[in-house]
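S.K.: Use the sequences and the hints to build the structure in full.
For what it's worth, the numbering used here labels the leading residue of the sequence shown as 394, then goes sequentially.
The hints are simulated quantities; they were obtained by calculation from the structure and are not laboratory data.
Each residue gets a CB set at the ideal place from its N, CA and C atoms; glycine is no exception.
A few of these clues could be false.
Heads up, simulated DMTMM-like pairs for lysine to aspartate or glutamate below, C-alpha to C-alpha not over 20 Å straight-line [claimed, not checked]:
| # | residue 1 | residue 2 |
| --- | --- | --- |
| 1 | Lys-640 | Glu-666 |
| 2 | Lys-599 | Asp-634 |
| 3 | Lys-733 | Asp-706 |
| 4 | Lys-768 | Asp-724 |
| 5 | Lys-780 | Glu-662 |
| 6 | Lys-640 | Glu-697 |
| 7 | Lys-768 | Asp-600 |
| 8 | Lys-473 | Glu-450 |
| 9 | Lys-690 | Glu-570 |
| 10 | Lys-780 | Glu-697 |
| 11 | Lys-768 | Asp-634 |
| 12 | Lys-640 | Glu-662 |
| 13 | Lys-780 | Asp-727 |
| 14 | Lys-780 | Glu-739 |
| 15 | Lys-761 | Asp-600 |
| 16 | Lys-473 | Asp-716 |
Derived Cβ-Cβ restraints for the label pairs, each shown as a range [to be verified]:
| # | residue 1 | residue 2 | range |
| --- | --- | --- | --- |
| 17 | Phe-525 | Gly-830 | 41 to 47 Å |
| 18 | Thr-622 | Asp-600 | 20 to 26 Å |
| 19 | Glu-506 | Leu-841 | 37 to 43 Å |
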Amino acid sequence: MTLGGFQDLVSAVDLGKPGAGYGFIISNAGAFVYHPIVDFIKNKETITDFEPSLNPEVLLQMAERSPDEKIVVVNHLDQKSAKSSWIFLAPVPSSGWWVGIVLDQEQIFNTKEIIQRRQRQLLGIAMGTLAFLFFLSVLLFRAQSGAVSSLWAVSCSFSVVCIAGIAFLWITNITAESEANNRNISLIDQAIAAKVASDYASTAEKDPIYVPTGMYIQSIEFTSANNVTLTGYLWQKFSEDTPDSVKDIANGGAAGFILPEATKISVTESYREEDGGRTLVGWNFNAVIRQNFDFSKYPFDREELWIRIWPQDFGQGVVLTPDLISYGSTDPNDLPGLEKEDFVIEGWDLAGAFFSYRQNSYDTNFGKQSFVGQKDFPELYFNVRLKRQFLNAFVSNLIPLFSVILLLFAVLMLIRASEAGRQVFGFSTASVLSFCGGLFFVVILAHLNLRSSIGAQGIIYLESFYFVTYFALLSVALNSILSASPVEFRLIHFRDNFITRLLYWPLFSGALLIITLFAFA
Numbered sequence: 394m395t396l397g398g399f400q401d402l403v404s405a406v407d408l409g410k411p412g413a414g415y416g417f418i419i420s421n422a423g424a425f426v427y428h429p430i431v432d433f434i435k436n437k438e439t440i441t442d443f444e445p446s447l448n449p450e451v452l453l454q455m456a457e458r459s460p461d462e463k464i465v466v467v468n469h470l471d472q473k474s475a476k477s478s479w480i481f482l483a484p485v486p487s488s489g490w491w492v493g494i495v496l497d498q499e500q501i502f503n504t505k506e507i508i509q510r511r512q513r514q515l516l517g518i519a520m521g522t523l524a525f526l527f528f529l530s531v532l533l534f535r536a537q538s539g540a541v542s543s544l545w546a547v548s549c550s551f552s553v554v555c556i557a558g559i560a561f562l563w564i565t566n567i568t569a570e571s572e573a574n575n576r577n578i579s580l581i582d583q584a585i586a587a588k589v590a591s592d593y594a595s596t597a598e599k600d601p602i603y604v605p606t607g608m609y610i611q612s613i614e615f616t617s618a619n620n621v622t623l624t625g626y627l628w629q630k631f632s633e634d635t636p637d638s639v640k641d642i643a644n645g646g647a648a649g650f651i652l653p654e655a656t657k658i659s660v661t662e663s664y665r666e667e668d669g670g671r672t673l674v675g676w677n678f679n680a681v682i683r684q685n686f687d688f689s690k691y692p693f694d695r696e697e698l699w700i701r702i703w704p705q706d707f708g709q710g711v712v713l714t715p716d717l718i719s720y721g722s723t724d725p726n727d728l729p730g731l732e733k734e735d736f737v738i739e740g741w742d743l744a745g746a747f748f749s750y751r752q753n754s755y756d757t758n759f760g761k762q763s764f765v766g767q768k769d770f771p772e773l774y775f776n777v778r779l780k781r782q783f784l785n786a787f788v789s790n791l792i793p794l795f796s797v798i799l800l801l802f803a804v805l806m807l808i809r810a811s812e813a814g815r816q817v818f819g820f821s822t823a824s825v826l827s828f829c830g831g832l833f834f835v836v837i838l839a840h841l842n843l844r845s846s847i848g849a850q851g852i853i854y855l856e857s858f859y860f861v862t863y864f865a866l867l868s869v870a871l872n873s874i875l876s877a878s879p880v881e882f883r884l885i886h887f888r889d890n891f892i893t894r895l896l897y898w899p900l901f902s903g904a905l906l907i908i909t910l911f912a913f914a
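M.R.: What follows is the structure, given as structure tokens:
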């Protein structure tokens, strides 16, 4: 087999999910013969430059091993992207070459399905532990004796267990890894980006035109529930091989890109540099991007703001590639492409930034008979992960609601079914109904204010606290009516409304735990 044929064979290796890894070939001296990054070969880089532990002496020792021992696996940590991967090396008999495969560990161990399975296992252990603690409290406090103190102790224990379960789910959700969008092919490693682009080239109708593209965002502001205003820079690099039809767009003063989701955009050429036949053009932009966000888990929601970038002459086989070499680090946690100093997004924290490809298809050729990229075309995205600041929502919404719940419990403690109890505590149905009506008015105003400020389309998690509070208000009001009724209800009149008071906190906390389980599990 010729070198060209062997290179084609290695480059065509299917590793399953796009972006999971790539193949390469090195000589017996460790020099790259084939690699997705062509500059590795042009610059005569070696496997030792890529992974210091694989030097020529090690390769020589591996070559002398028996056939069963010659396949070597090495852990590799890329310093620029902070990605961990495995390097598999095996010799090619009679050629003196080594064929290698790099597999991204995150693609194998941290898939969306695996993360969800881990979370469910952890949740099962946690809920089992809480259930055990509750039943242990029943035995310790001897609830079967029926003593008032024992029943109150069990009621408090159940409520504390439920609150602990809710807190556990909150903390788990806050500290959990962001779930990856299954449509994204993350372009954190330059070799992965080159591999994905070359895979498309092997099936494309005509040879693609590659244009390295970078982005730097200086500000992000949510102007509504679905609109985000962005400001920053976007640049493109045109090589000597770039067709004039593509270069001429930028040379004519027009932007070399389109942001398809932008409802408003202002673009100004900021700089231009010529280096031989290569051209670098940068633009400053101000755009309003429209995107559908999911606020259902508010205030524990995480959003992924994505910016789709098209070439100006889209549909002509131009593939935008991420200009990763222009960033000091491509680790999403280092926020590449984002302003590091004084970056403020009200109510949000930055959780990551990265480029990705999404293979999009269209059922139209946009009127262009020569349209290229109608099916599975790799479109470049810049993604910003955001995490909601929990404390502000907690203070402004949950603390007032908990205060209302505490006041309702205090009122419930005053409600008595016996005439003697009413005289002692000064209970009257009219005063309770008036008090509940006032609280209901306050709670519903706060609820409406929450809905208007978030602008969510469906029901959000925090609203469940309002719904439970409405139920508590109606229950206390109904309890006061039934307590004053001439008809004797066993549930109400037993020990002068004791059962209702006993069940108040377990019912309230238990309802919130069930709702939280459905929201986050």
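S.K.: Within a Cα-Cα threshold of 20 Å, do Lys-780 and Glu-739 meet the stated pairing?
M.R.: holds, 11 Å
S.K.: Within 20 Å, alpha carbon to alpha carbon, are Lys-768 and Asp-724?
M.R.: violated, 30 Å
S.K.: Range hint 41 to 47 Å: satisfied by the CB atoms of Phe-525 and Gly-830?
M.R.: Distance hint for Phe-525, Gly-830 holds at roughly 42 Å.
S.K.: Going straight from one Cα to the other, do Lys-761 and Asp-600 come out at no more than 20 Å?
M.R.: holds, 18 Å
S.K.: Between the alpha carbons of Lys-768 and Asp-600, is the straight-line distance 20 Å or under?
M.R.: The given pair, whose Cα atoms are some 15 Å apart, holds under the 20 Å limit.
S.K.: CA of Lys-768 to CA of Asp-634, is that 20 Å or under?
M.R.: Outside the cut-off at roughly 25 Å; violated.
S.K.: Does Glu-570 sit within 20 Å of Lys-690, going by the straight-line distance between their CA atoms?
M.R.: This hinted pair holds, its Cα atoms lying about 15 Å apart.
S.K.: Compare the distance between the alpha carbons of Lys-780 and Asp-727 with 20 Å, and conclude whether the hinted pair is satisfied.
M.R.: holds, 15 Å
S.K.: Taking only the CA atoms, is the gap from Lys-780 to Glu-697 under or equal to 20 Å?
M.R.: Holds: Lys-780 and Glu-697 sit about 9 Å apart, inside 20 Å.
S.K.: For the pair supplied as a hint, Lys-780 and Glu-662, is the alpha-carbon distance within the 20 Å limit?
M.R.: Roughly 33 Å between the alpha carbons, so the hint for Lys-780 and Glu-662 is violated.
S.K.: Has the given pair, Lys-473 with Glu-450, been kept, meaning a C-alpha gap of at most 20 Å?
M.R.: violated, 26 Å
S.K.: Taking the CB of Glu-506 and the CB of Leu-841, does the distance hold inside 37 to 43 Å?
M.R.: Given range 37 to 43 Å: holds, Cβ gap about 39 Å.
In this structure, the earlier hints numbered 3, 4, 5, 6, 8, 11 and 18 are contradicted, and the remaining ones agree with it.
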